[in-house]
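Participant: Below are the chains, spelled out letter by letter.
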Amino acid sequence: MMQEKRTIKVSKQKDGYGITFNAMACSCEVLIQTSDKNLAKQVGLCVSDEVWRIEDKYSRYDRQSICSQINTSEGRKVSIDEETYLLLNFAEQCYQLSDGLFDISSGVLRKVWAFDGLSCECQHFPNQDDINNILSFVGWHKVIYDRHSITLPNKMQIDFGGIGKEYAVDRCILLAKQLTDKPLLVNLGGDLAVTGPREENQPWQVAIENPKSNKPEKKQDMIIAINQGALATSGDAKRFLIKDGIRYGHILNAKTGWPVAEAPRSITTVAPQCIQAGILATLALLQGKDAESFLTEQEITFWARR
Amino acid sequence: MACIGNKTNLKAALSIATSALLGTSVATTSQVQAKDADEWQFDTAYLLYSEVDRVTAGEAIIAGTKTYANDEILNLKFTVDALTGSSANGAVAQPNAQTFTRPSGNGQYVTPAGETPLDDTFQDTRVQLNGQWTQPLVENITGSVGGHFSKEYDYLSLGVNGNLAYDFNKKNSTFSMGLSYFHDIFTPEGGIPKPLSSMLVGDSSSPEWDSEFAKTRVGDSEDKSTADILVGFTQVISRRMITAFNYSYSMVDGYLTDPFKVVSVLNTEGLVQDNIYENRPDSRVKQSTFMQAKYHFDEGMLNMVADVSYRYMWDDWGINSHTIDTRFNIPVGRASYIEPHLRFYQQSAADFFKPFLIEDQSSIDFISADYRIGEMTAVTVGAKYGVVLTGGNELSIRLEYYHQMPTNSGFAEPAALNGLDTAPVVDAIIVQVSYSF
Amino acid sequence: MWLKSNFIKNTMVNKAKKIIIPTLLINLTACANLGVEPWERDLLAKKEMALTSSPVDAALDDHIYFSKEASSGGKSFGGGGCGCN
Numbered sequence: 001m002m003q004e005k006r007t008i009k010v011s012k013q014k015d016g017y018g019i020t021f022n023a024m025a026c027s028c029e030v031l032i033q034t035s036d037k038n039l040a041k042q043v044g045l046c047v048s049d050e051v052w053r054i055e056d057k058y059s060r061y062d063r064q065s066i067c068s069q070i071n072t073s074e075g076r077k078v079s080i081d082e083e084t085y086l087l088l089n090f091a092e093q094c095y096q097l098s099d100g101l102f103d104i105s106s107g108v109l110r111k112v113w114a115f116d117g118l119s120c121e122c123q124h125f126p127n128q129d130d131i132n133n134i135l136s137f138v139g140w141h142k143v144i145y146d147r148h149s150i151t152l153p154n155k156m157q158i159d160f161g162g163i164g165k166e167y168a169v170d171r172c173i174l175l176a177k178q179l180t181d182k183p184l185l186v187n188l189g190g191d192l193a194v195t196g197p198r199e200e201n202q203p204w205q206v207a208i209e210n211p212k213s214n215k216p217e218k219k220q221d222m223i224i225a226i227n228q229g230a231l232a233t234s235g236d237a238k239r240f241l242i243k244d245g246i247r248y249g250h251i252l253n254a255k256t257g258w259p260v261a262e263a264p265r266s267i268t269t270v271a272p273q274c275i276q277a278g279i280l281a282t283l284a285l286l287q288g289k290d291a292e293s294f295l296t297e298q299e300i301t302f303w304a305r306r
Numbered sequence: 307m308a309c310i311g312n313k314t315n316l317k318a319a320l321s322i323a324t325s326a327l328l329g330t331s332v333a334t335t336s337q338v339q340a341k342d343a344d345e346w347q348f349d350t351a352y353l354l355y356s357e358v359d360r361v362t363a364g365e366a367i368i369a370g371t372k373t374y375a376n377d378e379i380l381n382l383k384f385t386v387d388a389l390t391g392s393s394a395n396g397a398v399a400q401p402n403a404q405t406f407t408r409p410s411g412n413g414q415y416v417t418p419a420g421e422t423p424l425d426d427t428f429q430d431t432r433v434q435l436n437g438q439w440t441q442p443l444v445e446n447i448t449g450s451v452g453g454h455f456s457k458e459y460d461y462l463s464l465g466v467n468g469n470l471a472y473d474f475n476k477k478n479s480t481f482s483m484g485l486s487y488f489h490d491i492f493t494p495e496g497g498i499p500k501p502l503s504s505m506l507v508g509d510s511s512s513p514e515w516d517s518e519f520a521k522t523r524v525g526d527s528e529d530k531s532t533a534d535i536l537v538g539f540t541q542v543i544s545r546r547m548i549t550a551f552n553y554s555y556s557m558v559d560g561y562l563t564d565p566f567k568v569v570s571v572l573n574t575e576g577l578v579q580d581n582i583y584e585n586r587p588d589s590r591v592k593q594s595t596f597m598q599a600k601y602h603f604d605e606g607m608l609n610m611v612a613d614v615s616y617r618y619m620w621d622d623w624g625i626n627s628h629t630i631d632t633r634f635n636i637p638v639g640r641a642s643y644i645e646p647h648l649r650f651y652q653q654s655a656a657d658f659f660k661p662f663l664i665e666d667q668s669s670i671d672f673i674s675a676d677y678r679i680g681e682m683t684a685v686t687v688g689a690k691y692g693v694v695l696t697g698g699n700e701l702s703i704r705l706e707y708y709h710q711m712p713t714n715s716g717f718a719e720p721a722a723l724n725g726l727d728t729a730p731v732v733d734a735i736i737v738q739v740s741y742s743f
Numbered sequence: 744m745w746l747k748s749n750f751i752k753n754t755m756v757n758k759a760k761k762i763i764i765p766t767l768l769i770n771l772t773a774c775a776n777l778g779v780e781p782w783e784r785d786l787l788a789k790k791e792m793a794l795t796s797s798p799v800d801a802a803l804d805d806h807i808y809f810s811k812e813a814s815s816g817g818k819s820f821g822g823g824g825c826g827c828n
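Residue numbers (our numbering), protein chains in the order written: chain A, 1 to 306; chain B, 307 to 743; chain C, 744 to 828.
Don't take each hint at face value.
To be verified - Sample of chain C residues at the chain B side, in silico, Cβ under 8 Å:
id, residue
1, Leu-777
2, Glu-780
3, Glu-783
4, Ala-788
5, Lys-789
6, Leu-794
7, Leu-803
8, His-806
9, Glu-812
Simulated from the structure, these hints should not be mistaken for laboratory data.
Treat the numbers as computed from the prediction; the structure is a model and nothing was measured.
Don't be surprised by glycine CBs; every beta carbon is placed ideally from N, CA and C.
All chains should be built: construct the whole structure from the sequences, respecting the hints.
Facilitator: What follows is the structure, given as structure tokens:
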């Protein structure tokens, strides 16, 4: 596995500094409104260290991560620390709140669903028996965990991918706030949060892909003004299947084992914390064609692209 | 299609799950401003109260709440109410018709034989304004201050209140203490009657009337002040249950008599000889203890929320009362609820309460025949139905029936009153429509 | 018609005393062990579980009972306000 180079780059911007680095398979940046270059660098190092720390700990691709240790435990008890316990608890809450639709143990379904980025019409639909077999290894209710350990039944896998990046954003905001009062924004590949408004109560201007634009050449970004809170985007623009004219995204329903039909291509939501925005976007996508009305009913601000 | 809980539940639950994960406290009301969304939350209600053959009142409220960036809350409330109809004046029914003078001194009214004397001059409109500001002061301590202004034709009331609340034990316990002070000024039409003096009955158009009436008056206006202290403790018992306990101590000083009420003076047979204006002490100290529990049941019990409370009040006028109030909020479908309500109230009579005076009884300092400080039992039965409309606004309608029964605290009835209804029951219907947006 | 109620009155007071005292004692001794973790507040956060779930209804009712009965407050301040009682 090719390791991305772990360096940060500090560059001067119009009224502050931008720090960029690569992590979690995406471009990451921190924008800080200060004239103090040293502070910008200090914040940049702190944020990037935290993002890489979380990546090393929870990435399923990293053989030394706690996630991989749990996934290769073959049913044995694995000891965990406080942070992992809190993340598992959070995953538990989401599992309960979504009535089992959001399930971090549903990753194994990937084995029967092959999504490739380029082709659209796909013949590789698994049959129901394959799905049923795999479903016996899915189910958060089968996981046993407590403050100190987790026992994952053999052949089950957990994946923090659905919450890892957003959790990292929120952690970075917390740490950055301890270092400085200066307004700053942390953006990890489109999941972002701000510490507060910019100087003189000006909002941060953030561009998201125009929800109404379907032509990649004419991509006009839509600008959102954000004063507080976070944005997260969940979507499947590049990974989907079409069969019999119905579009299936790559978000899988953990209860049926099938991808969700007629979901929007992407949903961007707004919430006080990035992890909340992320979960809400994912829960919305799980509603398929009812994604927008689900979010409207919950009074969440969002943009959907179909 | 998944059935995810109602909107408040999901957002609130996610906020709490997030705060547990990140170790920070997260407000459940969204503070996100991604497009300047700073909104007021309004609650409006219109209520109609109607007693059979007596008072009818209408009241309208509009209240607005706004939460600011640092968890500061501003609440403003505007209330208008109007009252019309007749109210018992304290005198007893008689086998013959009776004539009384209106409180203003301008005119008389006649009560038919066998009926409870009712004064129908009550028509008033009142306007009230309240404001309350609440904000966190330091970690775990919240403060609140507020003001009250209320004005009707003959009454002015001004009040202030302050409160401190301390959360501890992971915000499972809260201890609070509050103080309030009200100053009321009363300027009844017709002035303040001389206590225990006889009601002047005659021809109000005759030339001597005004000067004779003025002799029964001791002033134009009076005032009273009320100081309250309220101490409270709330405790979360479990994920499904919360409880609260309050103690309050209240001191009222000033003019506490009702200038519109009289007491009938009867001879030994029970026939009215005179009606005298009532007189109450110029101070009253009330104390109460209050406890409440709310429990959220699970699907087996319809996911309903039960609310039960009990209040015991006692004062230095000899009145003590018990109030038991129960409500059950039962969700119906995804967006509506029905809430049956039952209230039981019982009070004992004030020491100086007498439904009437017998002529040869010894001289008295204080006396009142006002049924509202007499011994009584009252029951309220009602139900409320609410529905959340698309867009999140809520509409609800509430219907209640109030039945108040005076009970005899040990007064023997003279012969002339036999067969007459000397303790009339009060029956009232309450209808309320509310809209929140 | 008048109802004789002394008996009822005394029973009610005794019953009340039997409820108040044990409840207070239970509460004082058990406080430290009671409560929930912040992530267990999902039900408690619902509007229906607030101690006063409808302040407007409560204000309207308080006004009615203040005008028709001799008690007021208990849950909140009961002072002053209008010329009803």
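Participant: Which of the numbered hints are not met once you compare them with the structure shown?
Facilitator: Failing hints: none at all.
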